[in-house]
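Peer 1: Below, each chain spelled out in residue letters.
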Amino acid sequence: MATLLKLFPTCTRAGRLAHLSRKDWAQSRRGTLLPCFPASQRCASTTSYLTVEMDDNTGVAVVTMKSPPVNSLSLDFLTEFSISIEKLEMDRKCRGVILTSGLPKVFSAGLDIMEMYGKSPEHCAEFWRAVQEMWLKLYGSNMITIAAVNGSSPAGGCLMAMACDYRIMADNPKYSIGLNETLLGIVAPFWFKDTMMNTIGFRATELALQLGLLHNAPNALRIGLVDELAPEKEVLSAASTAISKWLAIPDHARQITKSMMRKPTIDRLLSHRDQDINNFVSFITKDSIQKSLQVYMERLKQRKT
Amino acid sequence: MATLLKLFPTCTRAGRLAHLSRKDWAQSRRGTLLPCFPASQRCASTTSYLTVEMDDNTGVAVVTMKSPPVNSLSLDFLTEFSISIEKLEMDRKCRGVILTSGLPKVFSAGLDIMEMYGKSPEHCAEFWRAVQEMWLKLYGSNMITIAAVNGSSPAGGCLMAMACDYRIMADNPKYSIGLNETLLGIVAPFWFKDTMMNTIGFRATELALQLGLLHNAPNALRIGLVDELAPEKEVLSAASTAISKWLAIPDHARQITKSMMRKPTIDRLLSHRDQDINNFVSFITKDSIQKSLQVYMERLKQRKT
Amino acid sequence: MATLLKLFPTCTRAGRLAHLSRKDWAQSRRGTLLPCFPASQRCASTTSYLTVEMDDNTGVAVVTMKSPPVNSLSLDFLTEFSISIEKLEMDRKCRGVILTSGLPKVFSAGLDIMEMYGKSPEHCAEFWRAVQEMWLKLYGSNMITIAAVNGSSPAGGCLMAMACDYRIMADNPKYSIGLNETLLGIVAPFWFKDTMMNTIGFRATELALQLGLLHNAPNALRIGLVDELAPEKEVLSAASTAISKWLAIPDHARQITKSMMRKPTIDRLLSHRDQDINNFVSFITKDSIQKSLQVYMERLKQRKT
Chain A
0 MATLLKLFPT
10 CTRAGRLAHL
20 SRKDWAQSRR
30 GTLLPCFPAS
40 QRCASTTSYL
50 TVEMDDNTGV
60 AVVTMKSPPV
70 NSLSLDFLTE
80 FSISIEKLEM
90 DRKCRGVILT
100 SGLPKVFSAG
110 LDIMEMYGKS
120 PEHCAEFWRA
130 VQEMWLKLYG
140 SNMITIAAVN
150 GSSPAGGCLM
160 AMACDYRIMA
170 DNPKYSIGLN
180 ETLLGIVAPF
190 WFKDTMMNTI
200 GFRATELALQ
210 LGLLHNAPNA
220 LRIGLVDELA
230 PEKEVLSAAS
240 TAISKWLAIP
250 DHARQITKSM
260 MRKPTIDRLL
270 SHRDQDINNF
280 VSFITKDSIQ
290 KSLQVYMERL
300 KQRKT
Chain B
0 MATLLKLFPT
10 CTRAGRLAHL
20 SRKDWAQSRR
30 GTLLPCFPAS
40 QRCASTTSYL
50 TVEMDDNTGV
60 AVVTMKSPPV
70 NSLSLDFLTE
80 FSISIEKLEM
90 DRKCRGVILT
100 SGLPKVFSAG
110 LDIMEMYGKS
120 PEHCAEFWRA
130 VQEMWLKLYG
140 SNMITIAAVN
150 GSSPAGGCLM
160 AMACDYRIMA
170 DNPKYSIGLN
180 ETLLGIVAPF
190 WFKDTMMNTI
200 GFRATELALQ
210 LGLLHNAPNA
220 LRIGLVDELA
230 PEKEVLSAAS
240 TAISKWLAIP
250 DHARQITKSM
260 MRKPTIDRLL
270 SHRDQDINNF
280 VSFITKDSIQ
290 KSLQVYMERL
300 KQRKT
Chain C
0 MATLLKLFPT
10 CTRAGRLAHL
20 SRKDWAQSRR
30 GTLLPCFPAS
40 QRCASTTSYL
50 TVEMDDNTGV
60 AVVTMKSPPV
70 NSLSLDFLTE
80 FSISIEKLEM
90 DRKCRGVILT
100 SGLPKVFSAG
110 LDIMEMYGKS
120 PEHCAEFWRA
130 VQEMWLKLYG
140 SNMITIAAVN
150 GSSPAGGCLM
160 AMACDYRIMA
170 DNPKYSIGLN
180 ETLLGIVAPF
190 WFKDTMMNTI
200 GFRATELALQ
210 LGLLHNAPNA
220 LRIGLVDELA
230 PEKEVLSAAS
240 TAISKWLAIP
250 DHARQITKSM
260 MRKPTIDRLL
270 SHRDQDINNF
280 VSFITKDSIQ
290 KSLQVYMERL
300 KQRKT
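Protein chains in written order, with numbering that gives the first Met the number 0: chain A, 0 to 304; chain B, 0 to 304; chain C, 0 to 304.
Bear in mind the hints are in silico, worked out from the structure with no lab data behind them.
Here the structure is a predicted model, which is why all the values come from computation and not from measurement.
Among these hints, one or two may not hold up.
Listed next, the in silico DSS-like pairs over lysine-lysine satisfying Cα-Cα at most 25 Å (straight line) [unchecked claim]:
hint, chain 1, residue 1, chain 2, residue 2
1, A, K173, A, K65
2, A, K244, C, K192
3, C, K92, B, K290
4, B, K285, C, K262
5, C, K173, C, K65
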């Protein structure tokens, strides 16, 4: 990966895609944003938070998250992420995505607490809709989606990984993954729960969600939260190996099958989307919850100092 | 546990709580039934079938079933049990319950066959409603519920354990747990099945219910019917250790999460409760089923002699 | 088994049962089709594709599939199969069925592609209804059904095995089982998926269906797609041993329990049966899918030559 980046340095910074309309984005794409390297059949683009490298030979794009320090899922990050996935979805040459982190030790630390602390209900609602959108895009993608989990992946980071078709995690017991919301005094919504149930079953989900369990890599493999472990430096190449098996399957049959499996879960959110936003906003803006978040953030700060 | 009981002997026998109105019970509580020991912050009460020891320091109550010879779930036992759980549920200081047996070798032998054999339809209906009530109270409890399964736990005893949040079983292959109803020629109702499916999944439930499987402790652990094994004399202390992890989670977040997981299963019984009673009564009062029960009871008697 | 067949040679060929009306069949049964051997209490019948041997002592019928070269599920085969199962279902003496193959190395190769390639929509519809019927009869059977999977069992063959109550597979890593439809560019319908989910859970099904996974025998055991492995020559005797445990359970309790587990899945097909046929016909008659089938068949021919 490091080599790849050296060979094909990103072309230009995209600015805040979050604030681009779809038309803007389409134009930018025809322009300098996604220059192609015909010789190598590789295209790369970099935005504020993501690098997208498309290999036209394989039809696989590597999406690398780079939002220091810990790839927190802020409103801007999520908007950019959803636009990038949609872009790839519409790209006929793109059949698969490998999602990974460009930061050390962390895949994604999950939802950005700053988007929920001391913010207006309107802002919280906009943020939550962006979280939903990220999941809808990823869980419902027609593309093959492989998570190369090369670091810790709590809460929203775990959701992101679970929304992919296949998960490979760095074989390092220091890295952990899980929906640990209850530890912060908050609650994973029903579609987080549904996604986890579809991954590890009812009972393991009941335990994991109530206790806010963060599973280290070997445990995550044991309970099926990830599908495979790979040496830390080989997570991305293991993802490339894994995706080749998926690429061997005719797309239309795979896509119909994937939709058959996931559509009921997706439909459940779609038919309760506004209600889910309202629930989130009224919960997160409660004084007691705001205090929990404050305590949590102060603890985080103390750890750093 | 033995030490605990010596230090804080039960104060007075409560008589048949089943026949106490809630008002009676509230009064009795203010009276001598639940004396507190301020120094140690421990309260204890004993009724006909149960000992309840509350530790105000931890917020954990130990509920010990003591209905010789095998903690059969009779109508009176179930009524008393439900009242005790409700009492603890309403006690703001109580955050968790450890449910265990005070009898050797058995957690609970399950539903008392004498309540179904040769009884009027009205009695059977009252009995079945009490079975439902026990499950509703336990499966839907806001408290942390840990089953310290220190002996065999067939049929209704297994249901009781499965309704808790976490199960620790004595590591003795002579002890077994499972829904063995078909062996008696009877059928576990849909909410027994739902509870088992939520614990060990569809396929394992299909096998277990059809064959009336009783799993010994190691097998029960292997298929996930219990979560942990402990040496026979350390089941209760293992339960105390386990519950401390649950107590570390903010109650409101854990409770909402638990409800999100279990509410659909609970609602299914609530919306079919009378129908389920009717089904049970018309099934159990059939001549053929009454004969099955008779044969079974005679076999039990022969074993004893 | 070989001995059994020598001792009790099949009596007469039944011709194409598929074209017999039920009345014809009833008459044929009273005639020479199902002669009994009172001394041994064994009855045997052979039709074009199946041998049915009933042991009145145990109440177990062994149904042996013999449609060379690979027990493809053609329209005629399926029709005959469903009639045979229905016959046994109506036979009060028959409590259980062991389903196995009389051909080497294969249990069943699955749906006969010739019934879907270059055929009229009407024919495809008739064929698909027969596939549904086979599954409905087997998955919903009141009898104990044990699959003695003594060879490979892809696609429809896997469905057949999964529709039984218990699966024993020959312990030979060369034999594989799974729903590999996507490899052919086609899609397993929702009730194939439901049956697999009821067997191995959501996540394993999602992976298996999308990748068209064929699991070798040890892997099939590991993920729960089969329940037991037996040495290749002992699969049938292992099935006899296994079924004795099921026979020990009172039929009525086992049947009600089985129905409680499987009815929702069966009802789902029953209430969408015509729609499912329409889906299949419009999908399979597409030019692109017909071409996929052609390519697949040519590959099969090349392998043979």
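Peer 1: Tell me the numbers of any earlier hints that the structure contravenes, in ascending order.
Peer 2: none
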